[in-house]
Amino acid sequence: QSALTQPASVSGSPGQSITISCTGTSSDVGGYKYVSWYQQNPGKAPKLMIYEVSNRPSGVSNRFSGSKSGTTASLTISGVQAEDEADYYCSSYTSRSTWVFGGGTKLTVL
Amino acid sequence: QLQLQESGPGLVKSSETLSLTCTVSGGSVSSSSYYWGWIRQSPGKGLEWIASIYYSGSTYYNPSLKSRVTISEDTSKNQFSLKLSSVTAADTAVYYCARLTPLRDFDYWGQGTLVTVSS
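Chains A and B, in that order, give the protein sequences. Mapping to the numbering used here: the first sequence position 66 is 67, numbers consecutive. Mapping to the numbering used here: the second sequence position 15 is 956, numbers consecutive.
These are computed hints drawn from the structure, not numbers from a lab. Just so it is clear, the structure is predicted and the values come from calculations on it, not from any experiment. It cannot be assumed that every hint is accurate.
Unchecked claim - One side of the interface only, derived from the structure: several residues of chain A facing chain B at Cβ under 8 Å:
| no. | residue |
| --- | --- |
| 1 | Ala46 |
| 2 | Thr99 |
| 3 | Gly105 |
Claimed, not checked - List of simulated lysine-lysine pairs, DSBU-like, C-alpha gap at most 30 Å:
| no. | chain 1 | residue 1 | chain 2 | residue 2 |
| --- | --- | --- | --- | --- |
| 4 | B | Lys1024 | B | Lys954 |
| 5 | B | Lys954 | B | Lys1018 |
| 6 | A | Lys45 | B | Lys1024 |
| 7 | A | Lys69 | A | Lys34 |
| 8 | B | Lys986 | A | Lys45 |
| 9 | B | Lys986 | B | Lys954 |
| 10 | A | Lys107 | A | Lys48 |
| 11 | B | Lys986 | B | Lys1007 |
| 12 | B | Lys954 | A | Lys45 |
| 13 | B | Lys986 | A | Lys107 |
| 14 | A | Lys34 | B | Lys1007 |
| 15 | A | Lys45 | A | Lys34 |
| 16 | B | Lys986 | A | Lys34 |
| 17 | A | Lys48 | B | Lys1018 |
| 18 | A | Lys69 | A | Lys107 |
| 19 | A | Lys34 | A | Lys107 |
| 20 | B | Lys1007 | A | Lys45 |
| 21 | A | Lys69 | B | Lys986 |
| 22 | B | Lys1024 | B | Lys986 |
| 23 | A | Lys48 | B | Lys1007 |
| 24 | A | Lys48 | B | Lys986 |
| 25 | B | Lys1024 | A | Lys48 |
| 26 | A | Lys69 | A | Lys45 |
| 27 | B | Lys1018 | A | Lys45 |
| 28 | A | Lys48 | A | Lys34 |
As the list claims (entries may be wrong) - Partial selection, computed: residues in chain B whose CB lies under 10 Å from chain A:
| no. | residue |
| --- | --- |
| 29 | Gln982 |
| 30 | Gly987 |
| 31 | Ser993 |
| 32 | Val1035 |
| 33 | Leu1041 |
| 34 | Asp1048 |
| 35 | Trp1050 |
| 36 | Gln1052 |
Even for Gly, the Cβ is constructed at its ideal location relative to N, Cα and C.
The following block holds chain A by itself, in its conformation from the complex (with noise of 0.2 Å):
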């Protein structure tokens, strides 16, 4: 199975909105509601910070929100601050019944 694909990176200004996409197929973004997103910093475990396409976990600030149409989903960081430059990667549950992660995009904060 192919990974999902994401820009490898994004930039924002603090206070900007920035987007980051993750493309797949209709065997997976675009078959099912199973997309999430994880924030992962340096030398630390992923954080779930989107699932089921566009749900916030709790304690999960307002500012990240997701989306989907057709097999390109998307995360949002609206005001993007410093404390948000990490590693973000999308995931996927597929028709075969496994798990595709996308490629990750580094967001850097100017």
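Following the hints, complete the assembly by docking chain B onto the known chain A.
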């Protein structure tokens, strides 16, 4: 609070079998509706899902690793395990265990354990 902790050798010789265990505390591996899984991250690379096991015992494997991977659970010890055979340097990575919810997301993760394959 659910906690997961990986354990196992940090160094494995090439062609041998990598064996890791994830010990779950604050919850049960036999809790209905949850999956348990293994994910790895090679140095400087992205996340790769390896395998998952459902509370019922059903198993799911990454097709690219399926021939070499076995995931299992020991409900008496509240643990689940990973075995990866015939390892090579390409299997050097940080290995994470995690819980998967009914909505197919990984909501709790272990801290990860680095496994290095040596020649």
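Status of the hint placing Ser993 (chain B) at chain A (closest C-beta pair under 10 Å): holds (7 Å)
Given pair status - Lys1007 (chain B), Lys986 (chain B), alpha carbons within 30 Å: holds (21 Å)
Holds or violated: Lys986 (chain B) with Lys34 (chain A), Cα cutoff 30 Å? This hinted pair holds, its Cα atoms lying about 26 Å apart.
Less than 10 Å between beta-carbons is the criterion; does Gln982 (chain B) satisfy it with respect to chain A? holds (9 Å)
Going straight from one Cα to the other, do Lys1024 (chain B) and Lys986 (chain B) come out at no more than 30 Å? holds (21 Å)
Hinted contact Gly987 (chain B) with chain A - closest CB pair below 10 Å: holds (4 Å)
Going by Cβ atoms only, is Asp1048 (chain B) closer than 10 Å to chain A? Check passed: Cβ of Asp1048 (chain B) comes within 5 Å of chain A, closer than 10 Å.
Hey, Lys986 (chain B) versus Lys45 (chain A), does the alpha-carbon distance stay inside 30 Å? holds (14 Å)
Does Lys48 (chain A) lie within 30 Å of Lys1024 (chain B) when you go C-alpha to C-alpha? Distance ~25 Å between Lys1024 (chain B) and Lys48 (chain A) Cα, so the pair holds.
Straight-line alpha-carbon gap Lys34 (chain A) to Lys1007 (chain B), limit 30 Å: holds (25 Å)
Do the alpha carbons of Lys48 (chain A) and Lys1007 (chain B) lie within 30 Å of each other, as the hint requires? holds (26 Å)
Given the hinted pair Lys45 (chain A) and Lys34 (chain A), is their Cα-Cα distance within 30 Å? Satisfied, since the Cα-Cα distance of roughly 27 Å is no more than 30 Å.
In terms of the numbered hints stated before, the structure departs from none.
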